[in-house]
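Q: Heads up: the sequence lines are chains A and B, in that order. Numbered as in our numbering, the first sequence ends at 519 without a single skipped number. Numbered as in our numbering, the second sequence ends at 1442 without a single skipped number.
Keep in mind that the hints are not guaranteed to be accurate.
[As the list claims (entries may be wrong)] In silico EDC-like links for lysine to aspartate or glutamate, alpha-carbon gap of 20 Å or less: (1) A/Lys208 <-> A/Asp159; (2) A/Lys458 <-> B/Glu1358; (3) A/Lys288 <-> B/Glu1297; (4) A/Lys379 <-> A/Glu363; (5) A/Lys458 <-> A/Asp495; (6) A/Lys27 <-> B/Asp1182; (7) B/Lys1258 <-> B/Asp1182; (8) A/Lys379 <-> A/Glu484; (9) A/Lys194 <-> A/Glu156.
Don't read these hints as lab results, they were simulated from the structure.
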Amino acid sequence: MNPARKIVAGSLLAIVVLTALLFWNPRNRPSEAARRPLLVYCAAGLKSPVETVAREYEQITGVSVQLQFGGSGLLLNNLRVARRGDLFLAADSSFLDAARSNGVLAEVIPLARMTPVIAVPRGNPRQITSLRDLERPDVQIAYANPEATAIGRVTRQALERSGDWAAIQPRIKVLKPTVNDVANDVKLGTVDAGIIWDATVAQYPELEAVHAPQLDGSVGDVGIGVLTFCDQPAQALKFARFLGARDRGLPAFARAGFSVVEGDVWKERPEVVLYSGGVNRVAIEETVRLFEQREGVTVNRIYNGCGILTAQIRAGQRPDAYFACDVSFMTNVASHFRPARELADTRMVILTAPGNPKGLRSLADLARPGLAVGVANEQQSALGALTARLLRAEALLSNVMANVRVQTPTADLLVNQLRTGSLDAVLVYAANASGVKGVLDAVELPQPQALAVQPYAVGRSSENAQLMTRFLEDLRSPASRQRFEQSGFHWRDVPPAP
Amino acid sequence: MTSPSPAHDERGNDARRLRHSDRTFLICFSVLAGSYLLLLVSTLVADLFYTSPGHLWHALQSAEIRYAIRLSLLSCTLTALLSLWVAVPIAYLMARLKFPGKGLADALLDIPIVLPPLVIGLSLLILFQTPPGRAVERWIPVTYAVPSVILAQFMVACAFAVRTLRATFDQISPRHEQVALTLGCSRSQAFWMVVLPEARRGVLTAGTLAWARALGEFGPILVFSGATRFKTEVLSTTVFLELSVGNLEAAVAVSLLMVAAAVAVLLLIRTQGLDSALGRPL
């Protein structure tokens, strides 16, 4: 063979082999062990949509789904005793709340929203058209016990707010322990009307719903929860995701009369994109890894300076979630995200050589002549912007800037330069210094301007919003909080303003 | 009288002076050359003081790092080969052909060298958001996946390979090629049998340069590929991420692994490399 052919053939072969090696990732092979059947405790009222969806799921994935039907309360008792099974699909959120307070429930994937309505027999023989009609002396109603049921509790609160409770209370003939008992009473004709979920009405062909605007704000949720003793969470969550997917399970619920939530788009193995400020990486990386494992998903994480991340977002990138270095780097892209939750904060510190040889105690000390100081660049980073704001507020900007030898786009460069001994002090976040605890000395700055707050937000247009909301729950967990605190952050967890 | 004639003496002095000046010249050059080598070696030694065998061992123990090593080596080699396949035709055509707009093409080829790395990453990201980019993504996921690593490396590495090969082909006189053509070779035969063997040293240099550039590349990768563990994390991003939290020891440990890998591969290519493919020593 002539050398030319040898080179061509050899290099092409090498390209093919290398490409094959790149895509052959031994870690990504699906494990066969995951084909065990799933055991789902399912409220009887949800039987028809869930059965349809479960059959479809079995066809697609080959995993069999065993459904155990029963009343939600009964199922809850069963599973608490049996302590086995994977998922619990309750008729309303009160049972999920009960399961959670019993410590048997982990994640919940919302499926549908229920609104309280007035249930009357089909044809509405007593001509009940509004809440006012329930106050008529000739009308008798059944009511779900406000102490025991979610519907009773939320509707009583709503009626008290609207001022109708006092007039309706005398018309209550009987308090019932579950919402289905109320529906049964109306169906049998023992009462003229009852207040129940619209989804419950949809399960009774004999009933008809009368809409009451006063009750609209008191919604309840149908959701499927993963049980804490489930030993195949990735498989369980996969079925739950299928059930809660806007293009898979949810249409079946909508056909059954539920007003469904805005679910994620179904993917066998979802891939999501998480943007995160570099400073947050150490605090979240382990949480991300555990989340990937538990959910059976891939989180593509992009760590960078927040200036660069927001520039990418403004250039059209749409991450599924964004964990910013500071609220100031969330507000300028806020329109692309849902309301942000503030998870942590970190204070700015003066970082010095071990033992603080120059005796630097305050910001004013940094203005001492002859010091070599490093700060972050005001335009390029959140830290730099905060630094400038702080120095301006303290009227120290020009004096300290006279000592500034270097301005960097990121804090890590400052820490590393300080470590190599080329600077006397740098202004960084406490979280930047967590990796060098014991190697460098940190002096905390008490000023209110010296605080950076890290918010997390889910992308407005994300097709994986539910998934990323579950990730937020993981970020809020005690284990995650501990990782934040170990990484030099101060825990915060402030919900978004309504 | 057998005393040496003045003429002979002068010739001897000349020779001595010459030898003396040769020695001075070589010593001067050796000192200059050695100073750079010394600088390189001292930085490595200084690095060693910033880490410990424990850190190196810890780095090698971690499955993430082992994956990053594997991905780095595979992607760099692939990038280097792809770069050569593209750079050889570009450099050859640019060296041999005259065409309108050649100056512009020349300038365009320098763009990846001139652009800040982050901008290259951002531009790739934007490109794959356009309708044609999205169409490609439907078939092969690129953004934030392994192909994005190769593409980001290729963008920059190829430009360096083109520069090197351009100089190589420019320096090879077209005479041999023309002789081959007059002896009945086709253009392609002349290229494969005459030009390429003559350019083998340049091709080798271009290949190693592309490989090394790809290994060190991280700006575009960070933007275009992310740093997802077990997926798109390469050694250079590991170093960057460890540095970004002030973990100098780990960053230096991984850097030393990179140096070791690079030296090993470059030595292997220099000693084995193309001569086996061409059947003759360089």
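Q: It remains to establish, for every hint, whether it holds in the given structure.
A: Comparing the hints with the structure gives:
no.	hint	result
1	A/Lys208 <-> A/Asp159	holds, 18 Å
2	A/Lys458 <-> B/Glu1358	violated, 58 Å
3	A/Lys288 <-> B/Glu1297	holds, 16 Å
4	A/Lys379 <-> A/Glu363	violated, 36 Å
5	A/Lys458 <-> A/Asp495	violated, 27 Å
6	A/Lys27 <-> B/Asp1182	violated, 45 Å
7	B/Lys1258 <-> B/Asp1182	violated, 45 Å
8	A/Lys379 <-> A/Glu484	violated, 54 Å
9	A/Lys194 <-> A/Glu156	holds, 12 Å
When held up to the earlier numbered hints, the structure conflicts with 2, 4, 5, 6, 7, 8 and fits the remainder.
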